[in-house]
Amino acid sequence: DTAVSQTPKYLVTQMGNDKSIKCEQNLGHDTMYWYKQDSKKFLKIMFSYNNKELIINETVPNRFSPKSPDKAHLNLHINSLELGDSAVYFCASSQDHGGGTTQYFGPGTRLLVL
Amino acid sequence: GNSVTQMEGPVTLSEEAFLTINCTYTATGYPSLFWYVQYPGEGLQLLLKATKADDKGSNKGFEATYRKETTSFHLEKGSVQVSDSAVYFCALSDRGNQGGKLIFGQGTELSVKP
Numbered sequence: 001d002t003a004v005s006q007t008p009k010y011l012v013t014q015m016g017n018d019k020s021i022k023c024e025q026n027l028g029h030d031t032m033y034w035y036k037q038d039s040k041k042f043l044k045i046m047f048s049y050n051n052k053e054l055i056i057n058e059t060v061p062n063r064f065s066p067k068s069p070d071k072a073h074l075n076l077h078i079n080s081l082e083l084g085d086s087a088v089y090f091c092a093s094s095q096d097h098g099g100g101t102t103q104y105f106g107p108g109t110r111l112l113v114l
Numbered sequence: 115g116n117s118v119t120q121m122e123g124p125v126t127l128s129e130e131a132f133l134t135i136n137c138t139y140t141a142t143g144y145p146s147l148f149w150y151v152q153y154p155g156e157g158l159q160l161l162l163k164a165t166k167a168d169d170k171g172s173n174k175g176f177e178a179t180y181r182k183e184t185t186s187f188h189l190e191k192g193s194v195q196v197s198d199s200a201v202y203f204c205a206l207s208d209r210g211n212q213g214g215k216l217i218f219g220q221g222t223e224l225s226v227k228p
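Protein chains in written order, with the numbering used here: chain L, 1 to 114; chain R, 115 to 228.
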């Protein structure tokens, strides 16, 4: 009964390729997020969606395009992959986007761009 | 802007030692504060949180008190176990219109030796 799931868990690809990462939550939450964790383990918000609507786009290159077909899913498509995109990408969800709400994280997708 | 600063790791302790991981924050508003833990190869899990000044969050023997006067949220545990080895992240979430995003510190790696 995974609360927040991501696929794939690992992704190894060549520079210039296009890839997608999928995220699903079964918690009934309204808000979903994408975070990027770099090689030094620093975590930074990329996007936030509330009820399928984009509410945060944190100056991410437009090669990254999130899509939320419904409020239980938030996918991340990356065009023209670059070496610097290698990282762990975490999806998260929360009941709402109020300041004190707890976010629940997926297991992460480890992307390696060669 | 808002930011979180944690003590640098790695921190290495013997089993049953006392743990303190310092965390200070800068915020324009009145944030909620969190500690998340990341076990090797896994996503982040909420460890504890506090949403207002002088609140104490606690879980699994860990504690942290929201100190507005010193803008701190230090994590403590009286007696660590080998199973506590992980990376610990302090984070804040602004109650203003920030879309619920978490702003993380750089993480502190804890290694507990038997």
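Be a bit skeptical, because a hint or two may be false.
Away from chain L, derived, C-beta distances all over 10 Å, residues of chain R [to be verified]: (1) 119; (2) 156; (3) 165; (4) 174; (5) 198.
Below, in silico cross-link-like pairs of lysine to any residue (SDA-like), each with a Cα-Cα straight-line distance of 20 Å or less [said to hold, decoys possible]: (6) R:166 to R:128; (7) R:227 to R:119; (8) L:41 to R:184; (9) L:41 to R:166; (10) L:41 to R:142; (11) L:19 to L:46.
Since the hints were derived computationally from the structure, they do not count as laboratory data.
For every residue, glycine included, the Cβ atom is placed at its ideal position computed from N, Cα and C.
Original post:
Is it the case that residue 198 of chain R keeps its Cβ farther than 10 Å from each residue Cβ in chain L?
Top reply: Given that every Cβ of chain L is farther than 10 Å from that of residue 198 of chain R, nearest at about 17 Å, it holds.
Original post:
Would residue 156 of chain R pass as off the interface with chain L, using Cβ distances and a cut of 10 Å?
Top reply: 6 Å, violated
Subject >> 10 Å cut-off, C-beta based - residue 119 of chain R kept clear of every residue in chain L >> reply: With a cut-off of 10 Å, residue 119 of chain R remains clear of chain L, as the shortest Cβ separation is near 12 Å.
Original post:
Does residue 166 of chain R lie within 20 Å of residue 41 of chain L when you go C-alpha to C-alpha?
Top reply: Distance of about 28 Å is beyond 20 Å: violated.
**OP:** Below or equal to 20 Å on CA atoms is what counts here, so check residue 41 of chain L against residue 142 of chain R.
**Re:** 25 Å, violated
Subject >> Distance restraint between residue 41 of chain L and residue 184 of chain R, which requires alpha-carbon spacing of 20 Å or less >> reply: 26 Å, violated
**OP:** Would you mind confirming whether the straight-line C-alpha gap from residue 19 of chain L to residue 46 of chain L stays at or under 20 Å?
**Re:** 17 Å, holds
**OP:** Assess, step by step, whether the Cα of residue 227 of chain R is no farther than 20 Å from the Cα of residue 119 of chain R, and give holds or violated.
**Re:** At roughly 26 Å apart (the allowed maximum being 20 Å), residue 119 of chain R and residue 227 of chain R break the hint.
Subject >> Outside-interface status for residue 174 of chain R - nearest CB in chain L farther than 10 Å >> reply: 15 Å, holds
Original post:
Is the hinted pair residue 166 of chain R and residue 128 of chain R satisfied, with a Cα-Cα distance of at most 20 Å?
Top reply: 33 Å, violated
Original post:
Are all C-beta atoms of chain L more than 10 Å from that of residue 165 of chain R?
Top reply: 4 Å, violated
The structure fails hints 2, 3, 6, 7, 8, 9, 10 (numbered hints given earlier, in ascending order).
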